[in-house]
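Assemble chain B onto chain A, guided by the hints.
Protein chains: 2
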Amino acid sequence: MNATIVTVGDEILIGQVVDTNSAWLGSQLVSLGIDVAEIRSISDKEEPILEAIGTAFQQSALVFMTGGLGPTKDDITKKAIAKYFNASMVFHEPTFEVIKAMFIRFNRTMSESHMEQCYMPDNAVILPNKMGTAPGMLFHQGEKMLFSMPGVPFEMKAIFEDNIKEILIQKTGNTAFIHHRTLMTVGQGETALADKIQYIVDTFPPQISMAYLPSLGSVRLRITGKSTSPSIKEEVEHYASLVEKEVDYYVYGYDNETLEAAVKRMIDQKKWTLATAESCTGGYLAHRLTSIPGSSSYFQGSIVSYSNTVKQNLLGVKAETLATFGAVSEETVLEMAEGCKNRLHVDIAISISGIAGPDGGSPEKPVGTVWFAIAYPGENTKAYKITASKDRLKNIEYAANVIMGKLLRKLAAKEISYRLS
Amino acid sequence: MNATIVTVGDEILIGQVVDTNSAWLGSQLVSLGIDVAEIRSISDKEEPILEAIGTAFQQSALVFMTGGLGPTKDDITKKAIAKYFNASMVFHEPTFEVIKAMFIRFNRTMSESHMEQCYMPDNAVILPNKMGTAPGMLFHQGEKMLFSMPGVPFEMKAIFEDNIKEILIQKTGNTAFIHHRTLMTVGQGETALADKIQYIVDTFPPQISMAYLPSLGSVRLRITGKSTSPSIKEEVEHYASLVEKEVDYYVYGYDNETLEAAVKRMIDQKKWTLATAESCTGGYLAHRLTSIPGSSSYFQGSIVSYSNTVKQNLLGVKAETLATFGAVSEETVLEMAEGCKNRLHVDIAISISGIAGPDGGSPEKPVGTVWFAIAYPGENTKAYKITASKDRLKNIEYAANVIMGKLLRKLAAKEISYRLS
Chain A
1 MNATIVTVGD
11 EILIGQVVDT
21 NSAWLGSQLV
31 SLGIDVAEIR
41 SISDKEEPIL
51 EAIGTAFQQS
61 ALVFMTGGLG
71 PTKDDITKKA
81 IAKYFNASMV
91 FHEPTFEVIK
101 AMFIRFNRTM
111 SESHMEQCYM
121 PDNAVILPNK
131 MGTAPGMLFH
141 QGEKMLFSMP
151 GVPFEMKAIF
161 EDNIKEILIQ
171 KTGNTAFIHH
181 RTLMTVGQGE
191 TALADKIQYI
201 VDTFPPQISM
211 AYLPSLGSVR
221 LRITGKSTSP
231 SIKEEVEHYA
241 SLVEKEVDYY
251 VYGYDNETLE
261 AAVKRMIDQK
271 KWTLATAESC
281 TGGYLAHRLT
291 SIPGSSSYFQ
301 GSIVSYSNTV
311 KQNLLGVKAE
321 TLATFGAVSE
331 ETVLEMAEGC
341 KNRLHVDIAI
351 SISGIAGPDG
361 GSPEKPVGTV
371 WFAIAYPGEN
381 TKAYKITASK
391 DRLKNIEYAA
401 NVIMGKLLRK
411 LAAKEISYRL
421 S
Chain B
1 MNATIVTVGD
11 EILIGQVVDT
21 NSAWLGSQLV
31 SLGIDVAEIR
41 SISDKEEPIL
51 EAIGTAFQQS
61 ALVFMTGGLG
71 PTKDDITKKA
81 IAKYFNASMV
91 FHEPTFEVIK
101 AMFIRFNRTM
111 SESHMEQCYM
121 PDNAVILPNK
131 MGTAPGMLFH
141 QGEKMLFSMP
151 GVPFEMKAIF
161 EDNIKEILIQ
171 KTGNTAFIHH
181 RTLMTVGQGE
191 TALADKIQYI
201 VDTFPPQISM
211 AYLPSLGSVR
221 LRITGKSTSP
231 SIKEEVEHYA
241 SLVEKEVDYY
251 VYGYDNETLE
261 AAVKRMIDQK
271 KWTLATAESC
281 TGGYLAHRLT
291 SIPGSSSYFQ
301 GSIVSYSNTV
311 KQNLLGVKAE
321 TLATFGAVSE
331 ETVLEMAEGC
341 KNRLHVDIAI
351 SISGIAGPDG
361 GSPEKPVGTV
371 WFAIAYPGEN
381 TKAYKITASK
391 DRLKNIEYAA
401 NVIMGKLLRK
411 LAAKEISYRL
421 S
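Those protein sequence lines, which keep their order, are chains A and B. Taking the working numbering, the leading residue of the first sequence gets 1, the next gets one more, and so forth. Taking the working numbering, the leading residue of the second sequence gets 1, the next gets one more, and so forth.
Below are the BS3-like pairs computed for lysine-lysine, each with C-alpha atoms no more than 25 Å apart in a straight line:
#1 B:K196 with B:K245
#2 B:K157 with A:K394
#3 A:K100 with B:K196
#4 B:K390 with A:K165
#5 B:K390 with A:K130
#6 B:K264 with A:K390
#7 B:K196 with A:K79
#8 B:K394 with A:K100
#9 A:K245 with A:K410
#10 A:K100 with A:K157
#11 A:K45 with B:K226
#12 A:K390 with B:K157
#13 B:K130 with A:K394
#14 B:K410 with B:K271
#15 A:K157 with B:K390
#16 B:K365 with A:K130
#17 A:K100 with B:K365
#18 B:K394 with A:K165
#19 A:K100 with B:K385
#20 A:K264 with B:K390
#21 B:K390 with A:K100
#22 A:K264 with B:K394
#23 B:K130 with A:K390
#24 A:K130 with B:K385
#25 A:K365 with A:K382
#26 B:K45 with A:K226
#27 A:K157 with B:K394
#28 B:K394 with A:K394
#29 B:K394 with A:K130
#30 A:K394 with B:K264
It is worth saying that the hints were derived from the structure and are not from the lab.
In isolation and in its complexed conformation, chain A is listed as follows (with noise of 0.2 Å):
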């Protein structure tokens, strides 16, 4: 079965808005065993809306369309649908109370717009969207279906998720047995990951196949089986098991678990504490840390160190450390987690000072050098350093990926072989 995504939207013809849903309902869709046969982005006027109905329906029995559901007058989107599927718009009450509520719950008046956001097409089957105030819709033709959502990335995902992921699973049925299993790595590269694990992927079967998804300092290993038997389950697991053996030190997780959901339940799991001492990542690692749910279980807080000043003042970094070494040093990283550990009385204290760029290098600490150190229970504070690129917000997100990266092995003590499953 194939699908054909369409978005709609001239902020995305014209450049203003990269078009993130596709992307994210394309894996979605993939993980549920439905090929994309092509995306579109089309203007939102209704002829360039009905012939891309018309065309999708010819090529695929999957449509799904995002964007154009808003509430102002430049969203035509629902009219044109409705025009393709002879629709006429009816008051939905459900969707009025939904929006009701949402207006007593911000204390604000409903528009004329907003009420006419509450007509729907009589002949869709309308799917509740608890993130906003314009629901999704399904439409059928024949065997075929076409799913309209919002364009705002987190409506859209909530309709996907809560109402149409289910009538999907439904619709493809068993005609395919789809397993994946997905080995979370950070610390080494794509290309050097591959060469150690070439020669296990060489012996998959046909039905196996093995993707390299690489991100800012870490890599997803995704082995994926397809088969018409169910058995393709234990053939996965069997391969992702000789590919574990081969990077285990490199594996800190499984099936998207994040670095920060693993650090909380790694330390969890030891009843610590944590705090970070920023400069160049300026709060971003407590950002993604406390990003987690519950992650007040351990994490107790964060001295964003920006200026020297502050540095001296609330972590004791001594000045003539900072006179002789400068702040992005060995010395100076060593000195912010001992004063992090000892003033906010954790278990483990990560400081972090580097040159985030794009100004601010020398020939001696170029854009991209960041120190990091980890004082941890049991042991001697270390300190690390990192060499990353020259983009300010991606060395930002590379020193927190390493740096959780590096703390995950030294929880999981990995001298020792750490298995989950």
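Below, chain B without anything else, positioned relative to chain A:
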């Protein structure tokens, strides 16, 4: 004149890669007065490539293809395009020289697949690629043109800027003028803004249009004009100023300036300093502020006081305050802001404490309740309450956006000029 953009590659369809090339190309084309009729992402197989070229030429005078020109086995775009244009492949000496020089530089040996890259369609104009091994190509079909470029973003951009832009400027001549003005707003939803300005939008002449581009807590209002006369610029500016006047209180900047960039711009003007004291946002606001290069000009640091102990020890929040009113309260954020201001010796201190979720809510303080306070020069420190949603990460982002919006209005002294009607 209009264009179709076609991106080739299964990695886009299955969501492994987000197609950022199209957005970049779209914005370039629009700035040259070229409409983008459609963006398509297709599979790197011969049949869809041939079909896409044919369809694109039906609707557009200009076709831009990216992707599928690399050395690996799964890239067949070049051959498919050559087939469409009935081209023979001939050895292209300049491309060979470029590739050879690159391999000498990196001290590597050219492989069979790299030699393959030196064969080019005999009826293509070759567009040199200074950033990589695969050059771009230009094909003519009568008056129409197809440009093919590699998918690696910085290679694609270099080829476009070095070779294609000039060709397009000559081709489009003076047939169309396009002008955009984007008003960046914060603190009011799309619908409420639309209600205020609809009466102005209703007077727009046909060559001027309006788009609402919402994100969390902020909305971009884009006014676009398109005409054969260069006076369209003044027309756009005229209508943009009418719109701005009506929603002035919410406008913090223009043309894609981020909230954090506006904060830096406005605080730098006053030569002030700022620090944050963050609980539920966990350092995210500090991260956003420090994502702007040079933010150390005003940003001193942050105390991420995730635990109550840190709130007391590092910010001086009183134990009685926490016991009586709770960590998420007006009283606590006021003491946090004061403590932050005094201990970090800054002009402006911002404090935040809330229930990001998904757990930790109560009937009195549901998930999404966020208190923040701003200690500001020449004012008593004031606290404000936000009611956000149920999603943890969205609440963190929403809070940061609302708070930056509030701060920007203080910095612009907009509170005085605010008209209620």
